[in-house]
Amino acid sequence: DAGITQSPRHKVTETGTPVTLRCHQTENHRYMYWYRQDPGHGLRLIHYSYGVKDTDKGEVSDGYSVSRSKTEDFLLTLESATSSQTSVYFCAIQAGIAYNEQFFGPGTRLTVL
Amino acid sequence: KQEVTQIPAALSVPEGENLVLNCSFTDSAIYNLQWFRQDPGKGLTSLLLIQSSQREQTSGRLNASLDKSSGRSTLYIAASQPGDSATYLCAVHNQGGKLIFGQGTELSVKP
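Chains as they are written, first to last, in this note's numbering: chain A, 602 to 714; chain B, 10 to 120.
This is chain A alone, in the form it adopts within the complex (with noise of 0.2 Å):
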């Protein structure tokens, strides 16, 4: 499962409120990925981190913000919750420098009220 965790698995919040949702693999990869996945959309990407302190946006970057303070965790910071955030957030890492094979967390549900 190439040692990829995120929590909270499930998450119900109101309208205006922060949401962070962290993700923590062992295997200190340099490149890590947050997607969401929505019905009719797919899975998209929201931001990603290259290194420490190294992240840049994707494509629906707008109402997210992201840290990596460390190699093992990276973090999605939603400022103030919408329901348009309502969604389900795959974190990933990608494996391997000469395949760029991408391994994915469990999800988490995130519902705003």
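None of the hints are false.
List of simulated lysine-lysine pairs, BS3-like, C-alpha gap at most 27 Å:
(1) B:K10 <-> B:K107
(2) B:K77 <-> B:K10
(3) A:K671 <-> A:K658
(4) A:K658 <-> B:K10
(5) B:K107 <-> A:K658
(6) B:K77 <-> B:K107
(7) B:K107 <-> A:K671
(8) A:K658 <-> A:K612
(9) B:K51 <-> A:K612
(10) B:K51 <-> B:K119
(11) B:K107 <-> A:K654
(12) B:K51 <-> B:K107
(13) A:K658 <-> B:K51
(14) A:K671 <-> A:K654
(15) A:K671 <-> A:K612
Per label pair, the in silico range of CB-to-CB distance:
(16) A:T614 <-> B:R64: 44 to 52 Å
(17) A:D663 <-> B:T14: 19 to 27 Å
(18) B:G106 <-> A:E673: 15 to 23 Å
(19) B:S62 <-> A:T712: 40 to 48 Å
(20) B:P49 <-> A:D663: 23 to 31 Å
(21) A:G641 <-> B:L28: 19 to 27 Å
(22) A:V613 <-> B:S62: 41 to 49 Å
(23) A:T627 <-> B:Y40: 24 to 32 Å
(24) B:T35 <-> A:D663: 22 to 30 Å
(25) A:T614 <-> B:G92: 34 to 42 Å
Everything labelled a hint here was simulated from the structure, so no lab data went into it.
Idealized CB from N, CA, C, for every residue including glycine.
On the provided structure of chain A, position chain B as indicated by the hints.
Here is chain B on its own, set in the frame of chain A:
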């Protein structure tokens, strides 16, 4: 802009059939292509990765092919089983380092 399409969106077959899932992409300048399986309520499991220089990859009953020039990949599943029921996703890894996903094919294998 790279777009990835998977047809059909859903497929139902009887157990034992051989089947083919299709994936097409608009920009042939890809680094690699990855096939995933997703069970309901679960994360994605990587099945096969094909490098842009390769034509196919095999793992057990699965065989994935890649024709970069025509922008197509297929996932062949031999002797399908009810346990193969899941959504299958194809994703292309662009030269720019991003993974672009198709919408998936939902497969149901009936006993």
